[in-house]
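**Q** Okay, here's what each chain looks like letter by letter:
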Amino acid sequence: MSTALPLRVLFLVAALAVIATPRTVRAQTPPAANACRTCHASLTDARLATPANVFAQQDIHRESGFGCVDCHGGDATAADKARAHEAARGFKGVPAGQVQIATCARCHSDAELMRRFSPRQRVDQSAEYVTSVHGKRLATGDTQVATCASCHGAHGIRLVKDAKSPVFPTNVAATCGACHASQTHMARYKLTNGSPLPTNQLAEYQRSVHYAALTTGNDLSAPTCNDCHGNHGAAPPGIGSVANVCGTCHAVFSQKFATSVHQQIFDKGCVECHSNHAVMKPSDEMLGTDAHAICTTCHNGKDDKGAVAADAMRGGIERLKTALDRSGALVARLRNAGIETGAEELALGEARVHLTLARTEMHTFDPGHVEPVIAEGLKTVANVESAGARGVAELQYRRRGLALSLGAILLVVVALAMKIRQLDRTLR
Amino acid sequence: MVQRVVDWVDERVDLSGLRHFIAEKGVPVHTQKIWYYLGGMTMFLLAVQIFTGILLLLYYRPSATEAYESVQFIVTRVPFGWLIRNIHSWSANLLMAAAFAHFFSVFLLKSYRKPRELTWLTGILLLFLMLGFGFSGYLLPWNEVSFFATKVGTGIAGAVPIGGKFFLRLLRGGDDVTGATLSRFYGLHVAVLPALTTVLVAVHLLLVQRQGMSVPLSVERRVKAGEPLRQMPFFPHYVLRDVLTWYVAIAIVAALAAFYPWELGKKADSFAAVPPGIRPEWYFLAMFHTLKLVPSHVLGFEGEHLGVVGFGIAALFLVFVPFLDRRSNRGENSPVFTVLALLGLTYLVTFTIIGHYAR
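Protein sequence lines correspond, in order, to chains H and G.
So my numbering is basically just the index in the first sequence, starting at one, shifted up by 55.
So my numbering is basically just the index in the second sequence, starting at one, shifted up by 33.
Derived from the structure by calculation, the hints contain no laboratory data.
Some hints here could point you the wrong way.
As the list claims (entries may be wrong) - On the chain G side, residues computed to face chain H include the following (Cβ under 7 Å): (1) Val108; (2) Leu277; (3) Tyr280; (4) Ala284; (5) Ala287; (6) Ala291; (7) Pro294.
Values in this document were obtained by computation on a predicted structure and should not be read as measured data.
All residues carry an ideal CB built from backbone N, CA and C; glycine is no exception.
Assemble the whole structure, with the sequences as input and the hints as a guide.
**A** This is the structure we're talking about:
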């Protein structure tokens, strides 16, 4: 407490100094002269030369007309190093920690300014950052936490929609993992109960259905770290709000779960059954009291109401699946035999929708909600099967008709052949 | 009863000339006489097409919103509609096969030589009309495959160097394949092409009856040397043989219709992505695959334009074959045209097979 206060005051002063610096924004017009780049590019020290070279290649700020002095201060027109780096000319060197946040926020939190470059871009990043775990720790003086440049880069910054940007959806996990998967980096952090902070989140996420959808499925809307944790306001979702996080995308499941008995019991909401980072593709085997069923974690025995309910719901789903497989095979057989099955295929599609609905209703954990949906699906399948039986009868009728016709044609052909032979004999 | 009807007609319209013609008409008998049946077979399959086509017309609706559904109705709800539609589809393919076989047999036997130039000319035009029937009929069910194949096909027609754009718009009824294209193809399929076909078939048959069957050059030379030409009476000897082959053909068509029904597929959707494996009917495959193989630019010309012009020249050559092959007109062997016919046949068969298996 005694050391934190002076540090906070120091950061506040630094931030105020940055904010008070007169703006040198020259939007969309390249700087007239850039002595910074001329000098830095020729330096042999890579630490000093590389940023200038990278900034000169592809950087959204440079392309929008911003120069080195807009972040670093100083005088880009001065020919000698001393004048260019004069504190009186606003030179502040490498912005780090709170200074970096304030440097970026100077433009990115200015709605009027941002409107000129990207009217739809949010301007609350720095406000969100203050609420993040990163921001809170930075405020306590922890300079190892992520700041703007940790994720976006400092020089060579690209738009978020640029596939090469470290914060493009497919790159986010690796960017977060650079720190969070590093045991060395995370060693200094502990959970509230004093245990070490896990570093397996990236490895677990990479096994998940979400990661597969994002990378192999090319679905950029599939969730990555920031979709659940937030980006600028990054923090672990609190217990109790997990269902809300998952419900952002899985809205119907979330609604069903909210009405269930488990809503009150499950501390971690959806995570209790589906895990968090390693979310696997759900299967019907998760439900019931089989060896692979998750319900058995809490529900066991014939007298357990939960086990009975789980078995009832699983049984209904399996009945509908079996009926769908059977009628699907029948319809496929008829289609291959040339019977038009468009209406039956449509009905089968409807029955499959009922299977999906049953799997959704299951999240109420109430067989009373699942059974009517299953019954409706089975009724549709029964109609398909009776239409299929008519199709089989029609097929047999066609085959019999063909056999009779071919028999009749064969008789005529034989008769004609005999007549021709007879005529040929008389011709000779 | 039949005799009484004939007598009744004879009394009013003198049938003696016709009776005499039938009684006197003979068909040459030689080792190559089997090829004579291909003309009759093509004719019979065309009759099947007309008959089943008229039945389909009773229910078919030529609009983008109703065409697919009406065909679906025909094959599911109309009694024996499935049979009629499948016979129409299969018979169309067998008709094309018979027409090509008839064309190559006539070409190789040099039956086009004097005095049968006009018979050849009408036959070639009928072959082109049959291809037109196939192309226009393919779109009528308005399913996904036919929609995109027509898009590709009319696109090729649009590659004609002079007037191609106009021709494309004329065929499509606009810049793209739409309901307007379907209306046009329907009109072509059930009115324009049948009218032209009726006239040409009438002339073709009249010429065949008037000039009699052509005989191979070797047989003709032996006849000129004084050897008698063996013949069989047209009626009933030849007619019964013809009828026998027709029965076999209808048995094959019925079996194909029952065991290998023509798929209706999905309804055409102009906004859907082009499904993989889009290709035209087999009788256009050789041409389609050739155009795929032609480089995009050849000697400064667009490859597709050159390909289309090439096919145009080949078609024109076929029309004028009787006038170009002077040796066979003199009764001499004509090996150059035999080789050309064999090359054409090899090309069509090879490219059709390659085109079928090409991705």
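**Q** Which numbered hints turn out to be false for this structure?
**A** none
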